[in-house]
Structure formats: C-alpha cells, structure tokens
Amino acid sequence: MLLVAAGVLAYSYFRPAAPAPATESAPAEQHGTPLDPPRQLSDFALPSQDGTPLHVSDLRGNYVMLFFGYTHCPDVCPTTLSDFVLVKRAMGAASSQVRFVFVSVDGERDTPAVLARFLKAFDPTFIGLQGDDTTLGRVSKEYGLYYKKEQVAGTSEPYLVTHSASAYLLDRQGRMRMVYGFGTPPKVIAADIGDMIARE
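Take 1 as the starting number for the sequence shown in UniProt numbering and just add one per residue.
Since the hints were made in silico from the structure, they are not lab data. For each residue, glycine too, the CB sits at the ideal point set by N, CA and C. It cannot be assumed that every hint is accurate.
What the hints assert, rightly or not - Simulated pairs of lysine to any residue, SDA-like, Cα-Cα distance not exceeding 25 Å:
hint, residue 1, residue 2
1, K141, R39
2, K120, K141
3, K141, Q40
4, K149, T111
5, K148, R60
6, K187, A45
7, K148, Y159
8, K120, R89
As the list claims (entries may be wrong) - Label-pair restraints from in silico Cβ distances:
hint, residue 1, residue 2, range
9, E108, S42, 19 to 25 Å
10, D133, D36, 18 to 24 Å
11, E200, P78, 29 to 35 Å
12, S42, Q97, 36 to 42 Å
Please build the complete structure, drawing on both the sequences and the hints.
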C-alpha cells in the first residue's frame with residue numbers, strides 16, 4: 001500500500017532489532033523500538049486546532065504520543081488515531097498523564113477548524129497541529145519523517161500524501177523514548193507507558 005510503504009524510510013532510520021521468529025500457534029507480537037539513551041528533540045511550535053500556537057515543550061510534564069499524518073488520509077491515519085483511543089482506554093485513569101498529538105503534514109488543507117472537526121470524531125482531548133513545510137523539514141530527521149504529495153488515479157481527492165507511519169512516545173522531559181510501527185497493538189503501547197509511570 002502506498003502510504004504504509006513510505007513508513008519503510010522511518011523504519012530504516014531507526015532500524016529496530018529483528019524480532020524472534022514466530023511459531024505457528026503464537027505469532028510474534030509487534031512491539032515498539034526503545035531509544036537508549038532517549039533522543040533529545042528540537043522544540044517546535046505550530047497552530048493548534050483552536051488557532052493558538054502550541055510549542056511541543058508546552059506539553060512537558062506529560063507523556064506524549066505523537067503522530068504525523070493528515071485528515072484526508074484514507075487508512076493509516078484514522079487507524080492510528082483509533083488505536084490512540086484504545087491506548088487511552090486501556091490506561092484508565094493513568095491516561096490523564098498522556099497527551100495525544102496529531103501533527104498534519106498537509107497544512108494547506110488541514111486548517112485548525114478542519115483539525116478540530118476531524119479529531120472530535122476520535123477524542124476531543126486529542127491535540128491537532130497544522131504543520132508547515134519549513135517547520136516539518138527542520139525536525140524531519142529527528143523523527144525519521146517523510147511525506148510527499150502524490151497524484152493518485154481513481155480518487156476524488158486532488159492529491160494524497162505519502163507519509164511515514166510511525167508513532168512516537170515522548171517522556172515528561174520531551175525526549176523520544178519509543179518508536180512504534182504502524183499496527184503496534186494498543187495494549188503494547190499502553191503497557192509501555194504504564195511501566196514508565198510505575199518506574200518513576
């Protein structure tokens with residue numbers, strides 16, 4: 001699939017260790033890739049869905065699950081946000097310590113108002129940020145981010161955006177601690193964050 005395939009770039013950037021072979025009765029479950037030591041990240045600010053600028057550093061003191069995508073995405077983005085809903089649900093009361101952030105790679109169409117409508121369908125507490133090429137280009141290497149507009153036949157959209165599909169867990173200090181490939185089970189992510197909270 002076009003969108004998922006682009007995630008290979010992010011995968012090769014972080015290059016996780018190969019998982020143990022799966023057995024026929026118990027397939028190997030996908031887990032995240034830990035970063036040790038945690039990766040220091042540059043701060044950046046973008047317009048949020050309420051129209052006011054938000055710095056990623058404003059979220060320090062919380063864990064942050066961050067994903068780059070766009071609202072017209074036909075598959076990867078809605079699936080990932082649905083998984084974020086399940087992560088939050090699995091964490092119960094502890095989810096109050098996590099902020100879920102969706103950064104648009106299609107700022108031309110994903111205005112704050114569009115982001116607000118889109119995220120409300122998943123969880124009104126999720127944060128949407130309207131990305132721009134200058135800011136995203138500056139931080140793309142740190143996140144292994146790739147995105148590109150594509151003309152695709154057979155769709156009514158003027159264009160789709162091929163983009164990497166990883167999600168990132170930032171700790172309370174704003175450092176990247178985990179990278180999750182598309183399709184990582186929500187219970188795995190919830191358990192990882194819960195473990196980090198328990199070790200504090």
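Hint check results:
| no. | hint | result |
| --- | --- | --- |
| 1 | K141 / R39 | holds, 12 Å |
| 2 | K120 / K141 | violated, 30 Å |
| 3 | K141 / Q40 | holds, 12 Å |
| 4 | K149 / T111 | holds, 17 Å |
| 5 | K148 / R60 | violated, 30 Å |
| 6 | K187 / A45 | violated, 30 Å |
| 7 | K148 / Y159 | holds, 10 Å |
| 8 | K120 / R89 | holds, 16 Å |
| 9 | E108 / S42: 19 to 25 Å | holds, 23 Å |
| 10 | D133 / D36: 18 to 24 Å | violated, 32 Å |
| 11 | E200 / P78: 29 to 35 Å | holds, 32 Å |
| 12 | S42 / Q97: 36 to 42 Å | violated, 23 Å |
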